[in-house]
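A.B. asks: Residues per chain are reported as follows:
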Amino acid sequence: MIVAENVEKRFGDALVLKRVNLRVEPGEVVTILGASGSGKSTLIRCINGLETLSGGKITVDGHDVSTKAGLVAARRASATVFQLFNLYPHMTALRNITLAPIEVLKLPKAEAEARARALLDKVGLGAHADAYPQQLSGGQRQRVGICRALAMQPRYLLLDEVTSALDPEMTGDVLRILAELAADGTTMVFVTHEIEFARHISSRIVFLEQGELIVDLPTAQFFAEDGGLAVRRIRQFLSKMKKD
Amino acid sequence: MRYADFTPYDIVLLLQGLGVTLALFVGTTLIGLAIGLLLAVVHHYRVPGCRPVIVLVTEALKNSPVLVQLFLVFFGIPAFLHIRMTPVEAATLTLSLNTAAFAFVVFRSGIESIDRDQIEAAQVFGLTRSQILRLVIAPQAAAFSVGPLIGILVNQLQVTSLISVIGVFDLTKIGNILNLRTLQPFIVWAVIGLIYYLAAKTLAHAGGRIEAALRKSVKWGGI
Numbered sequence: 001m002i003v004a005e006n007v008e009k010r011f012g013d014a015l016v017l018k019r020v021n022l023r024v025e026p027g028e029v030v031t032i033l034g035a036s037g038s039g040k041s042t043l044i045r046c047i048n049g050l051e052t053l054s055g056g057k058i059t060v061d062g063h064d065v066s067t068k069a070g071l072v073a074a075r076r077a078s079a080t081v082f083q084l085f086n087l088y089p090h091m092t093a094l095r096n097i098t099l100a101p102i103e104v105l106k107l108p109k110a111e112a113e114a115r116a117r118a119l120l121d122k123v124g125l126g127a128h129a130d131a132y133p134q135q136l137s138g139g140q141r142q143r144v145g146i147c148r149a150l151a152m153q154p155r156y157l158l159l160d161e162v163t164s165a166l167d168p169e170m171t172g173d174v175l176r177i178l179a180e181l182a183a184d185g186t187t188m189v190f191v192t193h194e195i196e197f198a199r200h201i202s203s204r205i206v207f208l209e210q211g212e213l214i215v216d217l218p219t220a221q222f223f224a225e226d227g228g229l230a231v232r233r234i235r236q237f238l239s240k241m242k243k244d
Numbered sequence: 001m002r003y004a005d006f007t008p009y010d011i012v013l014l015l016q017g018l019g020v021t022l023a024l025f026v027g028t029t030l031i032g033l034a035i036g037l038l039l040a041v042v043h044h045y046r047v048p049g050c051r052p053v054i055v056l057v058t059e060a061l062k063n064s065p066v067l068v069q070l071f072l073v074f075f076g077i078p079a080f081l082h083i084r085m086t087p088v089e090a091a092t093l094t095l096s097l098n099t100a101a102f103a104f105v106v107f108r109s110g111i112e113s114i115d116r117d118q119i120e121a122a123q124v125f126g127l128t129r130s131q132i133l134r135l136v137i138a139p140q141a142a143a144f145s146v147g148p149l150i151g152i153l154v155n156q157l158q159v160t161s162l163i164s165v166i167g168v169f170d171l172t173k174i175g176n177i178l179n180l181r182t183l184q185p186f187i188v189w190a191v192i193g194l195i196y197y198l199a200a201k202t203l204a205h206a207g208g209r210i211e212a213a214l215r216k217s218v219k220w221g222g223i
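Keeping their order, the protein sequence lines are chains Z and C.
First residue of the first sequence? That's 1 in full-length UniProt numbering, and the numbers climb one at a time after it.
First residue of the second sequence? That's 1 in full-length UniProt numbering, and the numbers climb one at a time after it.
Don't take every hint at face value.
[Claimed, not checked] Covered by chain C, according to a simulated footprint, are these stretches of chain Z (three or more residues, beta-carbon under 8 Å): (1) 11–25; (2) 46–52; (3) 79–86; (4) 93–105.
[Said to hold, decoys possible] Simulated DEER-style distance windows between Cβ atoms: (5) Z/R10 <-> C/P52: 35 to 41 Å; (6) Z/A69 <-> C/G208: 45 to 51 Å; (7) Z/N6 <-> C/N155: 54 to 60 Å; (8) Z/A118 <-> C/A206: 41 to 47 Å.
[Claimed, not checked] If you want the ones that stay clear, here's a sample from chain Z, every Cβ over 12 Å from chain C, calculated: (9) M152; (10) L158; (11) A183; (12) I195; (13) V215; (14) A230; (15) V231.
Treat the hints as calculated values from the structure; they're not laboratory data.
Everything numeric in this text was worked out from a predicted model, so none of it was measured.
Cβ coordinates follow ideal geometry from the N, Cα and C atoms, glycine included.
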């Protein structure tokens, strides 16, 4: 379980996260919605330890990310897929995926590669194992990014606007893979602007507004007239996103 | 045959001088690259208190004449610390540090050329600092650094000629001796210059081949 309690994050004078509380149970798909700059990505970056907290506490399966040992264990339990893929450009797709399993999980190379090839096959990139990121399209790179995360067999998948840098067609490819993962019961924390998709796969939706988590509802209720839509700010946000 | 004539033995002298020049060049290059790399890594990890010191020292080394540095090391330090220093020791120390200062700048930009994004990815996947340095940063920084380093080393090879002034019997010092004996400065210095030229060209050529081989093996197009 991922638990965020009264999380605060400050960048200089700006308070980017204000007393955010969030729980993600195994098996859930929790989508974080909110306008740009509302703190969605920062929250993900606090969970995977790329930002240090200014206040509050985050634990992943009981491991406190603010302690050194806790962060190591928390990072072992989760894996992140990034908006801009963040692949290692000097390594092939296969090596991008096997690097951490070999170096961190200490898997034998043959086993790590077999696992990586199986993942690449699953996302339709079986023929591209030896391609370098530069030789792949954005959608293909992001699928490699997803394989890289899955190769760690994480309990929690953290997805930080993973389709924002992709065109609609590539977005479709990536979302199909995520939908399959969700159907398989993969726990996900999903920051996105793909509202219809979020509605389709999420068990819960939370809404961030200027660093405050103002709504946390099961998906059906979030989109209900007397639920999330009753909140003026969410109604505005959703209708604006539809127009775009 | 007059004492002032050129003799076949002069070729042996020249080769000895060239040998001293190359030996000092190779030695100080290896020491300098190692120190430069170490400084760049320490700088990258923001070891407390080290950054300003490294920047100050390397800036001082890059922005003052090597000849002055050589005099400071050969005359100044022994007088100040009451120690003895041979010309070769002083030359080795000065040239090593000088190469280190320039190599530091190249390695630092090599490291800084790497997207922060990839390092963050490696961090969240649990790689340790040394694994990230070895597997993510080093290969890319090395590919980035080869070209500029070759340029610096070709220049450092010429700079070694300054050590003749403090009495190291390098190629330039041999030239000086031959010149005083034969009183034929045009021929002597033309030959000495040609030897430096050939050595530098050979070095640049070898470096170019290393770079080309790296480019070929590095298919990702990062350099």
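A.B. asks: Determine which of the earlier numbered hints do not hold for this structure and return their numbers in increasing order.
C.D. replies: 1, 5, 9 and 10
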